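Participant: The residues making up each chain are set out below.
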Amino acid sequence: MAGGAATGGSSTSDTYAEARTWLLLPAWVTLGILVLAPVAIMLVYSFLTKEFRGGVIWEFSLGAYDQFFCSRGLFGDEPCSIEWTYIQIFWRSIWQAGAATLLSLVIGFPTAYFIATRPPRQRTLWVFLVTIPYWVNLLIRTVSMKFLLRDEGPLNDFLTGIGLLNEPLAIVNTNFAVQLGLFYSYLPFMVLPIYAAVERYNFALSEAASDLYAPRWTVLRRILLPSVKPGIVAGCILVFVPSLGSFLAPDLLGGARNFMIGSLIEEQFKGNAGNWPFGAAASMILLTMVLIILLIFARQQAKAES
Amino acid sequence: MLWRRGNEHLGGTGVTSRTNDAIEVRNAVKRYGDFTALKHVSLTISDNEFFTLLGPSGCGKTTLLRMIAGFEEVTEGGIFLFGEEIEGLPPHKRPINTVFQNYALFPHMNVLDNVGFGLEMLGKSKSEARARAGEVLEMVQLTQFSARKPAQLSGGQQQRVALARALAPRPKVLLLDEPLSALDLKLRKAMQIELKHLQKETGITFIFVTHDQEEALTMSDRVAVMSSGEVQQLGDAREIYERPRNMFVADFIGETNLIEVTVDRIDAGRAACHLGGGHRLTCDAVDGIGAGASVHMSLRPERLFLSSAPTEGESLKARVRENIFIGTDISTILDLDDGPEFRVRASNSSRGTSRVFEPGTEVFVNMEQGAARLLMD
Chain S
1 MAGGAATGGS STSDTYAEAR TWLLLPAWVT LGILVLAPVA IMLVYSFLTK EFRGGVIWEF
61 SLGAYDQFFC SRGLFGDEPC SIEWTYIQIF WRSIWQAGAA TLLSLVIGFP TAYFIATRPP
121 RQRTLWVFLV TIPYWVNLLI RTVSMKFLLR DEGPLNDFLT GIGLLNEPLA IVNTNFAVQL
181 GLFYSYLPFM VLPIYAAVER YNFALSEAAS DLYAPRWTVL RRILLPSVKP GIVAGCILVF
241 VPSLGSFLAP DLLGGARNFM IGSLIEEQFK GNAGNWPFGA AASMILLTMV LIILLIFARQ
301 QAKAES
Chain P
307 MLWRRGNEHL GGTGVTSRTN DAIEVRNAVK RYGDFTALKH VSLTISDNEF FTLLGPSGCG
367 KTTLLRMIAG FEEVTEGGIF LFGEEIEGLP PHKRPINTVF QNYALFPHMN VLDNVGFGLE
427 MLGKSKSEAR ARAGEVLEMV QLTQFSARKP AQLSGGQQQR VALARALAPR PKVLLLDEPL
487 SALDLKLRKA MQIELKHLQK ETGITFIFVT HDQEEALTMS DRVAVMSSGE VQQLGDAREI
547 YERPRNMFVA DFIGETNLIE VTVDRIDAGR AACHLGGGHR LTCDAVDGIG AGASVHMSLR
607 PERLFLSSAP TEGESLKARV RENIFIGTDI STILDLDDGP EFRVRASNSS RGTSRVFEPG
667 TEVFVNMEQG AARLLMD
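So the sequence lines, in the order shown, correspond to chains S and P.
Counting from 1, position 45 in the first sequence corresponds to residue 45 in the working numbering; the numbering is continuous, with no gaps.
Counting from 1, position 136 in the second sequence corresponds to residue 442 in the working numbering; the numbering is continuous, with no gaps.
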């Protein structure tokens, strides 16, 4: 028990506080080891000096961030002017991830709606079907995608075969191929939260709206979409964030010209050519950006609710 | 008129003749696969009427309401609104509004926008819609809650918002799908009276669905008692209560003694019957029940009274088994000599309690005029 002066009441609440601390410990340990520690390590590494054969020298340096944002001429002795190379890669990544998210939403929403409006017994089956492709390794799926989309692949064969195209459409090594790859990689992350939201949706609300003279599209726009918005937001975040840092789809489907942040970071840690502090700095910048985007989302949610 | 848009659409569907019947259901059948939810239901509901569909769950009352609203298609037959066929029109093209059982208020809109939604959909500007919504909210005494979200209201307040929302576009017919079932008893009783007044004030035809017979009798101009997809009886509250047409209606509406009798003969509009134990009774003859028929007789417990000596009229000899105090009334359970069990109710007043006897006492069960009624099966 707590100190002798404690009354019955406060000793009970002390016991509760103690129990709470112990019961929450696993959560704190997990969060600490799996979330905070890696970020802290990354943050520290981004401020160290690079070792030429990979690894770091334990000496403070802003070199990694300088390399990211500053161009100092061919010999590295000029004053800082903005380095566009990496910013461009970031910008392209955001754009690609955004397009992939939009594509997932356009395809994922009707899919989720369809599943959620089946009889309850069938729903499990449909959800199961949606997740089946994800039992196959992502690398294999992305390579297969490349095979499907290439000039001599089944898609182009089919399109030229039925006479829709005279010559094969170059899809591989375009932005669109990357978007398609990302879309295919993360579609279930869009479908599942929206499905959960639509399943909880009270369809009597749709009936009430159409009873009050709302045509079908208005019911969708004014009643259904606002009601399932949390699911849509969750789906968008779950697709956008991993797409942003993805490197498999851009590498395999996008080719050298459609480089994304994920690949940039990956290269820094590969073999002897890498630059660990720079990779860590790029990761930190990516993380900061994602956090800012999520904060803006959260802010707008809060504003819409008040 | 506020429902102009609804009317334009109606104009397109082969106008027959305008009548004073707000709703006519003509031979409506509803089947779901092998199951028939409604079997050839026909009824007409007059303009400005408070009409109730009453029945146990699964009797088809809600299906019928949803067909009028347009949420369910009619398998066979037709539905007419002031003489114009509306079957085939989607719900948003029918000038009919619904108060839903669990209110179905839009959770992301405040009270004012909920109430104004229908008007906005009819093409009113946002400010016009809000002005009218404000008026209706005043009518249901909720003005001070305009800015709240539905989740911030109590059940009773939500119920009023649902009502206001359905009334705001001035529908030609208002459908109410068990709107009071989620409220506690006191509030429900208050709302019953309020609904009745609201109907008179607005002059809108109300079609009310309930499984609560007391609610139906309290509010309605006319009641249709339904069971297993059919209308069992249609009439005003008195008629249904006092002259039930069949076993189902007598049993479903109020408390009653249902006793098997055999009709001995019919004489000058009176049927002489006997029941088990050699007891004899006469009551008004009913069309379709002739001499020799074995049928049920309904005896309303509050129309019976006990006495220690036989009275001038007909009386049955019985023995008191138990008295049950139920507040407004005292209910007595009796055993008829060699006959069935009986219940008699006396009001908890000095006149009523003078007719209550101790258990074990031999008494006579007497009947007021019209207490007994023969029923078709």
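Keep in mind the hints are simulated off the structure, nothing from the lab.
Please note that a few of the clues may not be correct.
Stated by the list, open to error - Below are the DSS-like pairs computed for lysine-lysine, each with C-alpha atoms no more than 30 Å apart in a straight line:
#, chain 1, residue 1, chain 2, residue 2
1, P, K478, P, K502
2, P, K492, P, K430
3, S, K146, S, K270
4, P, K430, S, K229
5, P, K506, P, K478
6, P, K495, P, K478
7, P, K455, P, K478
8, P, K492, P, K432
9, S, K229, P, K455
10, P, K430, S, K303
11, P, K495, P, K430
12, P, K502, S, K229
13, P, K478, P, K345
14, P, K495, S, K303
15, P, K430, P, K345
16, P, K432, P, K506
17, P, K432, S, K303
The structure displayed is predicted, hence computed values, not measured ones.
Participant: None of the hints should be skipped; say for each whether it holds.
Facilitator: Hint check:
1. K478/P <-> K502/P: Measuring from Cα to Cα gives roughly 17 Å; hence the hint holds.
2. K492/P <-> K430/P: Violated: K492/P and K430/P sit about 38 Å apart, past 30 Å.
3. K146/S <-> K270/S: holds (24 Å)
4. K430/P <-> K229/S: holds (27 Å)
5. K506/P <-> K478/P: holds (14 Å)
6. K495/P <-> K478/P: Holds: K495/P and K478/P sit about 26 Å apart, inside 30 Å.
7. K455/P <-> K478/P: holds (28 Å)
8. K492/P <-> K432/P: violated (37 Å)
9. K229/S <-> K455/P: Given pair K229/S, K455/P holds - Cα atoms ~17 Å apart, limit 30 Å.
10. K430/P <-> K303/S: holds (27 Å)
11. K495/P <-> K430/P: violated (35 Å)
12. K502/P <-> K229/S: With a Cα-Cα distance of about 39 Å, the restraint between K502/P and K229/S is violated, given a limit of 30 Å.
13. K478/P <-> K345/P: holds (26 Å)
14. K495/P <-> K303/S: Distance of about 41 Å is beyond 30 Å: violated.
15. K430/P <-> K345/P: violated (41 Å)
16. K432/P <-> K506/P: holds (29 Å)
17. K432/P <-> K303/S: Holds, at roughly 22 Å.
When the structure is compared with the earlier hints, violations turn up for hints 2, 8, 11, 12, 14, 15 and for no others.
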